[in-house]
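So the sequence lines, in the order shown, correspond to chains A and B.
Position 177, counted from 1, in the first sequence is what our numbering calls 177; the numbers after and before it change by one each time, with no gaps.
Position 69, counted from 1, in the second sequence is what our numbering calls 69; the numbers after and before it change by one each time, with no gaps.
Quick caveat, the hints were computed from the structure, so don't treat them as lab data.
Please note: incorrect hints may appear among the correct ones.
What the hints assert, rightly or not - Derived lysine-lysine pairs resembling DSS-like cross-links, with alpha carbons at most 25 Å apart: (1) A:Lys264 / A:Lys181; (2) A:Lys42 / B:Lys259; (3) B:Lys225 / B:Lys198; (4) B:Lys259 / B:Lys239; (5) A:Lys394 / A:Lys323; (6) A:Lys279 / A:Lys345; (7) A:Lys264 / B:Lys81; (8) A:Lys281 / B:Lys48; (9) A:Lys181 / A:Lys378; (10) A:Lys205 / A:Lys181; (11) B:Lys230 / A:Lys339; (12) A:Lys279 / A:Lys339; (13) A:Lys338 / A:Lys281; (14) B:Lys81 / A:Lys42; (15) A:Lys323 / A:Lys205; (16) B:Lys28 / B:Lys81; (17) A:Lys53 / A:Lys42; (18) B:Lys230 / A:Lys281; (19) A:Lys345 / B:Lys101; (20) B:Lys230 / B:Lys101; (21) B:Lys174 / A:Lys394; (22) A:Lys264 / A:Lys279; (23) A:Lys360 / A:Lys345; (24) A:Lys360 / A:Lys338; (25) A:Lys338 / B:Lys174; (26) B:Lys81 / A:Lys265; (27) B:Lys80 / B:Lys48; (28) B:Lys81 / B:Lys174; (29) B:Lys80 / A:Lys381; (30) A:Lys279 / A:Lys338.
As a plain string of letters, each chain reads:
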Amino acid sequence: MTDSTKHTIIENPTRGLLRFFTAGSVDDGKSTLIGRLLYDTKSIFEDQYEAIKNTSELRGEENVNLALLTDGLRAEREQGITIDVAYRYFSTPRRKFIIADTPGHIQYTRNMITGSSTANLAIIMVDARHGIIEQTCRHTLITSLIGIRHIIVCINKMDLVDYKEEVFEKIRADFEKFSSKLEVVDVRFIPISALNGDNLVEKSKHMPWYGGSTLLYQLENIHVASDENLIDCRFPVQYVIRPQTDEYHDYRGYAGKVAGGIFKKGDTVVVLPSGLSSKIKAINTFDGEIDEATPGMSVTILLEDNIDISRGDMLVREHNKPKMEQDIELMVCWLNEKKLTVGAKYAIKHTTQDARCVVKEVLYKVNINTLHRIEDDKEIKLNDIGRITIRTTKSLYFDSYRKNRHTGSLILIDEATNETVGAGMIL
Amino acid sequence: MHANTRHLEELESEAIYVLREVAAQFEKTALLFSGGKDSIVVSYLARKAFWPAKMPFALMHIDTGHNFEETITYRDEWVKKIDARLIVRYVQDSIDKGRVKEETGYSASRNLLQTVTLLDAIEELKLDACIGGARRDEEKARAKERFFSHRDEFGQWNPKNQRPELWDLFNGKKNMGEHFRVFPLSNWTELDVWQYIKDENIPIPSIYYTHERECLNRDGQLLAKSSFIKLKENERYEKQTVRFRTIGDMTCTGAVLSKASTIDEVIEEVAASRVTERGTRSDDKRSEAAMEDRKKAGYF
């Protein structure tokens, strides 16, 4: 193990968080990869290691099965597959990582959508023996659709193809051919063996032909801060803070998380939907006033004028407003057994707004293996992705999902069961 | 503020967002407070999230009666310090009312009984959400927990039918009688919590630091001397230099041998530790799926 992976306190992560998710089909070594990363960065404790060691022995396995580490619930232990999103954590001196471990099974696409919606990066696993298969395409398409800008394709089980460069290059070419149709900015390829640890933390001795860096190195160094929209100012009001005490008698603070752009003290802002404008008097936090707030920061904004503002309203800039409409076109990924019904009404959550909507039309369904439009079958069922139009009970203030993940996303909720049934990305 | 730890700023911001979302989506919420470091940090973040207003929820302590004295002293001071309100519900009352039966035998603990007291309190106070300090890194059943975790009218958790949680859109919709458990520290690790306590200079109960204490070594676990523990033959208390890594019911919270007397020393120890903090809890050792079973039944 190298020094850079030692777990001591002087080496605090300095690059903030990287949230990534892993996708792959059953048996392509995803759980082993995660187990390895955790093991090699010393994120596994003795009692956890002992537990999986015992289980491995009970099962009569030759080596300690690191995949068992990410094996959470009893049902999974019985079936030997991951059935839900599980989150894992590890740190190196450079960064803290949050892994959403998402399942590869067809019927659990909804979990993959869930796991990837907050991620900056995707690791897509490909079995070197099988190359690009249907599920690889599906996972990549979803990755692109959910707006992930960085993909690392890990071509795994290189040990089983004698570490041959041709195998790696062939898969890489196949993948590039497929992904050129997608909008992913940054795709990288790494030949690995998760089981043996080749090119994960340490460079592999078996593949001198590979000139790139290890997986961990890439994860530590990838730049994701600019993935946020720093241009278009969006501040959905989440909660109004009114102490109503003697000391803070007239205090009215608008609490929320910046969804886009940079808000500065003194800026003129417009409040949606009223259209009234005012100036930012102060940006408060418990730790004191700050001069500016950037995306992701939870702050409290005070305005100079006394305007009636409540949860669901949005602070923006005068010459840069989001769309304000009731007729909205979006891509939807369906997450529920009960299929989407045209004409049905659903509850909506979008930024900090609650609304209702009716589904007007299904324009087409996407064949998630070929990306082709399916126009003759418009039934959107569990795990289907389609383009639809909805009409909402009131205007939403939104941007396209491509422009801003926070103001371009919404969820559809079944009003009878309260279940989250659809994940929407506004076009 | 967190000069060297930018990830803590991101985690803080996320937790504050979640707490504000709770205030906006629910009507009657309690913050479950045990006096342990995680619930201390959550309540501290709640103070931050709504400042300069008071936090819009009360702290609720489910008291097993088997407390470390230091925790109770700390609790009462802390509640004043963060300008919060405290509700206490006692497991003893549930026992007296015949709602639960006290466990007997050498490893008897009131830890499991807490669930009934908690669910009764939720019903009595008509709570629609309870905020907890659980983290996903603690235990494998928790790794799949959502920020907003739905519980049915029996307080049960169904790991197979969790709502998908997308982006930062939290669906807190529910029917009458159902409630949510909300975990703002989901993405924190034990080390993050300690680092944050240090950076923010948050006071913690004294038993987190080294002290001398009469302890009983039972099956490799160091249990603090108390009238709640029944000694087996050949068992005896010995004076040890210890501290606690988690704080819970005295009968199942084990101490660790430690000389860490400052927060820096505690952090160093945690960072170097090779055993998870739940490893000091005998309640998790009852079976491999112990935590999953308790969670399904409505445990914290």
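Consistency of the hints with the structure:
no.: 1; hint: A:Lys264 / A:Lys181; verdict: violated (39 Å)
no.: 2; hint: A:Lys42 / B:Lys259; verdict: holds (24 Å)
no.: 3; hint: B:Lys225 / B:Lys198; verdict: violated (29 Å)
no.: 4; hint: B:Lys259 / B:Lys239; verdict: holds (14 Å)
no.: 5; hint: A:Lys394 / A:Lys323; verdict: holds (13 Å)
no.: 6; hint: A:Lys279 / A:Lys345; verdict: violated (39 Å)
no.: 7; hint: A:Lys264 / B:Lys81; verdict: violated (32 Å)
no.: 8; hint: A:Lys281 / B:Lys48; verdict: holds (20 Å)
no.: 9; hint: A:Lys181 / A:Lys378; verdict: holds (23 Å)
no.: 10; hint: A:Lys205 / A:Lys181; verdict: violated (35 Å)
no.: 11; hint: B:Lys230 / A:Lys339; verdict: violated (58 Å)
no.: 12; hint: A:Lys279 / A:Lys339; verdict: violated (47 Å)
no.: 13; hint: A:Lys338 / A:Lys281; verdict: violated (49 Å)
no.: 14; hint: B:Lys81 / A:Lys42; verdict: violated (38 Å)
no.: 15; hint: A:Lys323 / A:Lys205; verdict: violated (54 Å)
no.: 16; hint: B:Lys28 / B:Lys81; verdict: holds (22 Å)
no.: 17; hint: A:Lys53 / A:Lys42; verdict: holds (16 Å)
no.: 18; hint: B:Lys230 / A:Lys281; verdict: violated (63 Å)
no.: 19; hint: A:Lys345 / B:Lys101; verdict: violated (48 Å)
no.: 20; hint: B:Lys230 / B:Lys101; verdict: holds (18 Å)
no.: 21; hint: B:Lys174 / A:Lys394; verdict: holds (22 Å)
no.: 22; hint: A:Lys264 / A:Lys279; verdict: holds (10 Å)
no.: 23; hint: A:Lys360 / A:Lys345; verdict: holds (10 Å)
no.: 24; hint: A:Lys360 / A:Lys338; verdict: holds (18 Å)
no.: 25; hint: A:Lys338 / B:Lys174; verdict: holds (18 Å)
no.: 26; hint: B:Lys81 / A:Lys265; verdict: violated (31 Å)
no.: 27; hint: B:Lys80 / B:Lys48; verdict: holds (15 Å)
no.: 28; hint: B:Lys81 / B:Lys174; verdict: violated (34 Å)
no.: 29; hint: B:Lys80 / A:Lys381; verdict: violated (53 Å)
no.: 30; hint: A:Lys279 / A:Lys338; verdict: violated (47 Å)
The structure shown violates the earlier hints numbered 1, 3, 6, 7, 10, 11, 12, 13, 14, 15, 18, 19, 26, 28, 29, 30.
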